[in-house]
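2 protein chains.
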Amino acid sequence: MPQVKPRTLSGFMELLPAPQQQLERMLNVLRETYALYGFTPLDTPLLESAEVLLAKGGGETEKQIYRFQKGDSDLALRFDLTVPLAKYVAQHYGELSFPFRRYQIGKVYRGERAQRGRFREFYQADIDIIGDGKLSILNEAEIPAIIYQTFSRLGLKRFQIRVNNRKILNGFYAMLHLEGYASDIMRIVDKLDKVGQDKLGLMLAEEPYINEDAAGEILEFILIRGSNAEVLARLEDYRGQNALFDEGLDELRAVTEHLAAFGVPEENFAVDLTIARGLDYYTGTVYETALLDHPEIGSVCSGGRYDNLAGYYIDKPLPGVGISIGVTRLFYVLGEQGLLNPALPTAPADVLVLPMTEDLAPAVRLATELRAAGVRTQLYTEQKKFKAKMAYADKLAIPYALFLGEDELAGNVVACKDMTTGVQTTLSVPETISLIRAGLREKNRGAIILEQSNKGE
Amino acid sequence: MPQVKPRTLSGFMELLPAPQQQLERMLNVLRETYALYGFTPLDTPLLESAEVLLAKGGGETEKQIYRFQKGDSDLALRFDLTVPLAKYVAQHYGELSFPFRRYQIGKVYRGERAQRGRFREFYQADIDIIGDGKLSILNEAEIPAIIYQTFSRLGLKRFQIRVNNRKILNGFYAMLHLEGYASDIMRIVDKLDKVGQDKLGLMLAEEPYINEDAAGEILEFILIRGSNAEVLARLEDYRGQNALFDEGLDELRAVTEHLAAFGVPEENFAVDLTIARGLDYYTGTVYETALLDHPEIGSVCSGGRYDNLAGYYIDKPLPGVGISIGVTRLFYVLGEQGLLNPALPTAPADVLVLPMTEDLAPAVRLATELRAAGVRTQLYTEQKKFKAKMAYADKLAIPYALFLGEDELAGNVVACKDMTTGVQTTLSVPETISLIRAGLREKNRGAIILEQSNKGE
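Protein chains in written order, with numbering that gives the first Met the number 0: chain L, 0 to 456; chain A, 0 to 456.
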């Protein structure tokens, strides 16, 4: 009778109920944190006209896009949340107030080569602040605070927000008369972690347009390390040679100036002159975020400042700054690394109510009372042996089982079994609800992500 | 310079920030209510293999589907959440615990003819309870409680959950020896509201397979009205003539029996023998939900009991019961009818902080403190005239503006303007936070939907 094998497309994440609850928790933290910083949620269509979506023209992304005809329409699934934002802001320009701060958490589609840990459908969680013509530098300074809060609320401590400024890089290469090669050099510099500084020096010197002195200068520059104050002091030595560089340095000072007031600890932040971000449209501050114990994961939150969000849709300068978290990949990697806190509840319900009498009305009333008190309740009325019912609660990890038999009804009480400890209480319904609520508070207290270093805590 | 006109596809809802906030509120109420009843959230891919998605075979839906080739793959966008659920349960059968209770709120795609109020991309909000072989009737009895809670929490009072049972209908038509025509007759009976009972009697009698007596019997049957007890008593008169009818009547009794214990008032519930639901796969209880002051909207929440969720994927009987809310259409219609409460906050932030000093550090610290207290805060540092800043807060309907000038800093206080009343206070930061929190509680107290009848309240 069954004719078709049920299957999910390769590269499409489909989770079982327990991990799905973990992902929902993570998405909720992102929503709440973004909202705290005054970003409004947007929800744009997943399908757009291909002409609109590809207005900027494509490169690598264009090959990966899901594009198709439906009737006369040439359609495409969105491949990021930035192009739909640009379209939205251009289309609704007259109805929006600027600075326009939006967050969007949604799925995007890229037909990448299928491989482990690579997804064709994945969540991005983006925030952007768009100005109308101008945008205060303080918005760029606020971004590290948002990144810090987001990852702290997820439970992380050992992470570092790494910041650079494209004007500093472009200005520096202009000092060396290498402005035409800035992008190429940044691509080489990006390999520093992989090849080490000696090899990198050789690689730079091998380029026909870089002489030996310049290679040395570049290496010295990108290896500037130290506290924020130390790095800024070293950068001051280059001041006065190039206007763009000086502007970038002023911006970098402004971004680092208020870190403490924004609540970002110095150890979670670093100026890093090797950060460039691949995308050509970044023009000022750029951000990456590294998990210090997991460098192999790469940046978990990146972005930057751009001057022109929507030039291909509208004749208005719309500068902005934004960051993006690749949630699906982050969730997958955290799971693989065993970093998702297994102690947090993943059950569909807080309580399983098990009627022990023929008449189900008292159990129904109890469930109604629990739900009115905000306790997620499942009423279990299937005809099964007691052992099978308890196995059901166990398998779903439902934290409490409530029993209502003749004795309990006569005594106006309810029996409550804590499924974790095995301890059973027999108390009034209000007392039982208090007990369950206190227990749930305790169980929900932990962080979503548990670092190796605090696992033993 | 701009080359492409930014536009959104016809039939795709894209909201401005304020209505988007209203929709988010509505979706949150759905999530919270569904979770209270022990349903776990699922999130399946929007894209599936066309072979899998169309396993059941298509009819009308197949023509509307977004289907396309990508490389060697024949793909389709999901057109409902039921087929992906069937696939999920069949695919993960061995890893799930039954009864399996899931909710899913997600977008689905149907290439319908574009017309006002019809959407090609729209949210469905579904719950289903799936049994393994068997499923207690109490699950069917619980559904009206969930519908009642959902719409009550959205703010509605004047709605009615209408319930029938397909076994009663099929059994009744079998009594008249019309079992082969049950579906055809139900399609005619469905027109009762539109054409009235006299016309319906004529339409029934016109059918070649219905004689005059039978037409009279059908009309009498579907016109049975009254309280639940009265309708059930009238139905008892038919008992003993058909086993299926009697089974359906027992089920209907079971569904109505615990309504009070489930917290569903009698006035929000009615047995309605004209309800049949078009889909052939419903086999027992069926549900519709009507807004009493807006019959033109049609059913806003429908569903029923089915015997075989996933027969085309797996050789296991998987009975279930489920309901679905077409959220996008509901939201659109409520907006058109002016039923969305305009008093609820839609601003991206609760507070706009306006620094009045050269040094921004105190304002940054204030914003950090507000956010730590859970107040959604935007720091406004653009170089604009004071009037433009206030116009920004006004246009976004941000409820509070905080000013921090030399005087406030010297006095260790902050000036807070309630943008609704115009009242300005100058208090310490903790006092101001308390004041804002109390104000926000008040502003967020209202319901999402305001019926005409309680608009004056």
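It is worth saying that the hints were derived from the structure and are not from the lab.
Hints are not guaranteed to be accurate.
Any copy, or any two copies together, can satisfy a pair, since identical chains are not distinguished.
The calculated DSSO-like cross-link candidates involving lysine-lysine, where the alpha carbons are at most 30 Å apart (straight line), are [unchecked claim]:
{"#": "1", "residue 1": "K386", "residue 2": "K442"}
{"#": "2", "residue 1": "K133", "residue 2": "K55"}
{"#": "3", "residue 1": "K315", "residue 2": "K384"}
{"#": "4", "residue 1": "K198", "residue 2": "K388"}
{"#": "5", "residue 1": "K69", "residue 2": "K388"}
{"#": "6", "residue 1": "K156", "residue 2": "K383"}
{"#": "7", "residue 1": "K198", "residue 2": "K394"}
{"#": "8", "residue 1": "K133", "residue 2": "K383"}
{"#": "9", "residue 1": "K69", "residue 2": "K55"}
{"#": "10", "residue 1": "K156", "residue 2": "K133"}
{"#": "11", "residue 1": "K193", "residue 2": "K55"}
{"#": "12", "residue 1": "K69", "residue 2": "K4"}
{"#": "13", "residue 1": "K384", "residue 2": "K193"}
{"#": "14", "residue 1": "K386", "residue 2": "K4"}
{"#": "15", "residue 1": "K384", "residue 2": "K133"}
{"#": "16", "residue 1": "K386", "residue 2": "K193"}
{"#": "17", "residue 1": "K315", "residue 2": "K386"}
{"#": "18", "residue 1": "K133", "residue 2": "K4"}
{"#": "19", "residue 1": "K394", "residue 2": "K384"}
{"#": "20", "residue 1": "K133", "residue 2": "K386"}
{"#": "21", "residue 1": "K416", "residue 2": "K394"}
{"#": "22", "residue 1": "K156", "residue 2": "K388"}
{"#": "23", "residue 1": "K315", "residue 2": "K388"}
Each hint tested on the structure:
| no. | hint | result |
| --- | --- | --- |
| 1 | K386 x K442 | within (25 Å within a copy, 49 Å between copies) |
| 2 | K133 x K55 | within (22 Å within a copy, 55 Å between copies) |
| 3 | K315 x K384 | between (70 Å within a copy, 22 Å between copies) |
| 4 | K198 x K388 | neither (64 Å within a copy, 53 Å between copies) |
| 5 | K69 x K388 | neither (50 Å within a copy, 46 Å between copies) |
| 6 | K156 x K383 | neither (47 Å within a copy, 38 Å between copies) |
| 7 | K198 x K394 | neither (54 Å within a copy, 57 Å between copies) |
| 8 | K133 x K383 | between (67 Å within a copy, 11 Å between copies) |
| 9 | K69 x K55 | both (22 Å within a copy, 22 Å between copies) |
| 10 | K156 x K133 | neither (35 Å within a copy, 49 Å between copies) |
| 11 | K193 x K55 | neither (32 Å within a copy, 52 Å between copies) |
| 12 | K69 x K4 | both (27 Å within a copy, 20 Å between copies) |
| 13 | K384 x K193 | neither (60 Å within a copy, 50 Å between copies) |
| 14 | K386 x K4 | neither (33 Å within a copy, 64 Å between copies) |
| 15 | K384 x K133 | between (69 Å within a copy, 14 Å between copies) |
| 16 | K386 x K193 | neither (56 Å within a copy, 53 Å between copies) |
| 17 | K315 x K386 | between (68 Å within a copy, 23 Å between copies) |
| 18 | K133 x K4 | between (56 Å within a copy, 23 Å between copies) |
| 19 | K394 x K384 | within (15 Å within a copy, 62 Å between copies) |
| 20 | K133 x K386 | between (67 Å within a copy, 18 Å between copies) |
| 21 | K416 x K394 | within (15 Å within a copy, 53 Å between copies) |
| 22 | K156 x K388 | neither (41 Å within a copy, 37 Å between copies) |
| 23 | K315 x K388 | between (64 Å within a copy, 21 Å between copies) |
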